[in-house]
Structure formats: C-alpha cells, structure tokens
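Trainee: In terms of the numbering used here, the sequence shown opens at residue 27 and continues consecutively.
It should be emphasised that the hints constitute simulated quantities derived from the structure, not laboratory data. As the structure is a prediction and not an experimental result, all values here were calculated from the model. Worth double-checking, as some hints may not be accurate.
Lysine-lysine pairs mimicking DSS-like chemistry, simulated, CA-CA at most 30 Å apart [stated by the list, open to error]: (1) K215 x K51; (2) K139 x K215; (3) K133 x K68; (4) K187 x K51; (5) K188 x K175.
Here are the computed distance ranges between Cβ atoms for each label pair [claimed, not checked]: (6) N208 x E166: 28 to 34 Å; (7) Q59 x R213: 24 to 30 Å; (8) E166 x L123: 17 to 23 Å; (9) Q59 x L157: 30 to 36 Å; (10) L136 x G113: 28 to 34 Å; (11) R213 x R67: 45 to 51 Å; (12) T102 x T231: 51 to 57 Å; (13) L115 x K70: 20 to 26 Å; (14) F131 x Y94: 18 to 24 Å.
Where a beta carbon is used, it is the ideal one built from N, C-alpha and C, also for glycine.
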Amino acid sequence: MLVQDVSFTEFSRSSRYILQCDIAKYFPSIDHQILKEIIRRKIKCQDTLWLIDKIIDGSNEQIPVLNYFPGDDLLTPINRRRGLPLGNLTSQFFGNLYLNNFDHFIKEELKLKKYLRYVDDFSLFSDDRELLIAARQKIETYLANLRLKIHPIKSQLFSTKKGANFVGFRVLPDRIRIRSENLRLARKKLRQLQTDYQLGKIESTQIQKSLQSWFAHLAHGNTWHLKQKILQQFSFQ
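Based on the sequences and whatever the hints tell you, model everything.
Mentor: Printed below as a string of structure tokens:
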C-alpha cells in the first residue's frame, strides 16, 4: 500500500490529467464461468480445480446485478451465476486474479505506464486529455468481456490540479489531506471510544491501539497539526 501511496502522489503531481474509475458493484458482478476459465489457464491440477469450483459455486449473489452485454439474450443475465462474498480471503484473491489480464492490457496494449489499481478502483495519469478519453472507451469495451461496467458517476476525468482522492486522502499539488468524510467518521469513532472509556466499558490499551492505527494512517498525509488537534480535543483520562 505504501508503494501505491507514493506512486499515486508522484503520478498525480507529474501529470496534468487523471482518469479515475470505479467498477460498478465489482464483487457482486464477478462472473463464475469467466472466473473459472481464467483460473484454468493457470492451474491444471484437477483436485485443486475441484476445490476452487466448490468455493466459487458456494458463493451466493450478494447484490442483485442485472447488466446486459453484447450477445446477450433476455435471460442471459439471469441465468449466469455471479457474485463473490465481500471480506473473504478467497474473494480478495479471486477479485485480483479476475482483473490481472486487465492490468496487462492497460500497461502493454494501451501503453499507459502511469496506472494504479486498488481492487475495483483504478487511476490512469497523462498529460494528454484526449488519450485518456480514448482509453476510457477501450477500457469499457475490454471490461464488457468480463461482464463488468465502470460506474457512470464515480468514474471521471479531470485536472490533477483539482486534487484526486486515493484511499481516504485527497492528493493536491502541494499537500496531501485526509478526506472530510473520513475525518468525520474518525471523529465519531473517537467520541464513542471516549464515552465507552469514561463508562468503564473499555481499557486504555484498546484506545491506544485505535489511536496508533489511526495515526499510522494519517502519517501518509500532511497531518501533523491535525494529530495535535485530535490529541487536544479528546481526553482519555
């Protein structure tokens, strides 16, 4: 994650434009048949494939997804099994494997070296706005072969000068700030910890672990003053 943090900042500050995309309902949309075909290109052991198939077939559709793609008839989206449960380690592995060839497509066929993906969110950087517009069209065509679509609203092309969001931070030309929504949620959690501690529901060690985790996250941005303010605002004595 740290390498991606550094790369995102470097790419953002060395490029004029960024294309940020979100794959709509990614895990619920993963097609079982396509996933099995991808796995079979790498794994030949029948016992292993049997176990993998059992895991995939045991996945229930998490969120209803009804998308039509070229060549579909009326019942195709209904008949094809899809979806992996969120949070499972196998789902994380399968989710990355499902887009592995997509990563190669971006870098090797589209020749876009400034590219980062974090699960179902990915970003491309360039000084050429028209290049990114054309790339988006090719990306949508490629993803359709995986029965995936990018989110029409969350996927945008804009100037890096405006700042770009990445894993809870907003990367600006001269600084890295935590996103307002993430800060709001963190303050809410800290207030709850403060209340629970005062009521004797939790020990100070639990608070220390939460603060250490939160401050480690903040360390990726320009947040020294924010950390001092938080320490002054919340008392755990």
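Trainee: Does each hint hold? Answer for all of them.
Mentor: Checked hints:
1. Simply put, K215 and K51 have alpha-carbon atoms about 27 Å apart, close enough for the 30 Å limit, and the pair holds.
2. Under the criterion of a C-alpha separation no larger than 30 Å, the hint pairing K139 with K215 is inconsistent with the structure, at around 39 Å.
3. Proposed proximity of K133 and K68 is supported: the alpha carbons are some 21 Å apart, at most 30 Å.
4. For a cut-off of 30 Å, the pair hint linking K187 to K51 stands: about 29 Å separates their Cα positions.
5. Note on K188 and K175: the hinted pairing holds, with a Cα-Cα distance of about 26 Å set against a maximum of 30 Å.
6. Distance hint check for N208 and E166: the Cβ-Cβ separation is about 29 Å, which falls inside the suggested range of 28 to 34 Å.
7. Range check, Q59 to R213: Cβ separation about 45 Å, and the 24 to 30 Å hint is violated.
8. For the pair E166 and L123, the beta carbons lie near 21 Å from each other, so the given range of 17 to 23 Å is met.
9. Distance hint check for Q59 and L157: the Cβ-Cβ separation is about 34 Å, which falls inside the suggested range of 30 to 36 Å.
10. For the pair L136 and G113, the beta carbons lie near 32 Å from each other, so the given range of 28 to 34 Å is met.
11. Between R213 and R67, the C-beta spacing of about 47 Å keeps the proposed range 45 to 51 Å intact.
12. Taking the beta carbon of each, T102 and T231 are about 54 Å apart, inside 51 to 57 Å as hinted.
13. A hinted range of 20 to 26 Å for the beta carbons of L115 and K70 is consistent with their spacing of about 23 Å.
14. Distance hint for F131 and Y94: a CB-CB separation of about 23 Å, consistent with the stated range 18 to 24 Å.
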